[in-house]
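**Q** Sequence:
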Amino acid sequence: MIAELISELDHIDVLCNNAGLNSARGNAADVSPGDFADVFNVNVVGLYACTHAVLPHMIARDYGRIVNVSSGSAFMCLPGSAAYSASKAAVNAMTMTISR
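Every letter in the sequence shown is one number past the one before it in this note's numbering, and letter 54, counting from 1, is 75.
Taking CB as the label site, the calculated pair distances span:
1. Ile80 x Pro100: 33 to 43 Å
2. Met97 x Asp56: 14 to 24 Å
3. Glu29 x Cys98: 35 to 45 Å
Calculated directly from the structure, the hints in this document are not laboratory data.
Yeah, the Cβ is synthetic: ideal placement off N, Cα and C, and Gly gets one too.
Kindly generate the complete structure, drawing on both the sequences and the hints.
**A** Here it is, written out as C-alpha cells:
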C-alpha cells in the first residue's frame, strides 16, 4: 500500500497511526492469550508495520512526521484493561524510541 501511494503521490509527508482495538476486556485470568495478542497486533504491530514502511522514504527525503495516537489508559491501568493499557504503553515507548 505504501509503495503504491508513493508511486502515485511521489512522497508521504505525514503518517498518523490512529488504529485502536480494545476487544480483550476482562481480568487477566479471563482474557485468553489469543485475545490479548489480537489487541497488540492492531495497536502495536500494526503501528510498527506502517511506521516501518514509511520511514525509509521519510529518511531519504530528510522530512516526515509520524503521529502516534495513544491513550491515558497507558498510565491509568484500570482493572479489566490489561491488554489495551499495555498496548498503549508500548505505543508510548515505541514513539519515544523511534523519535530518538
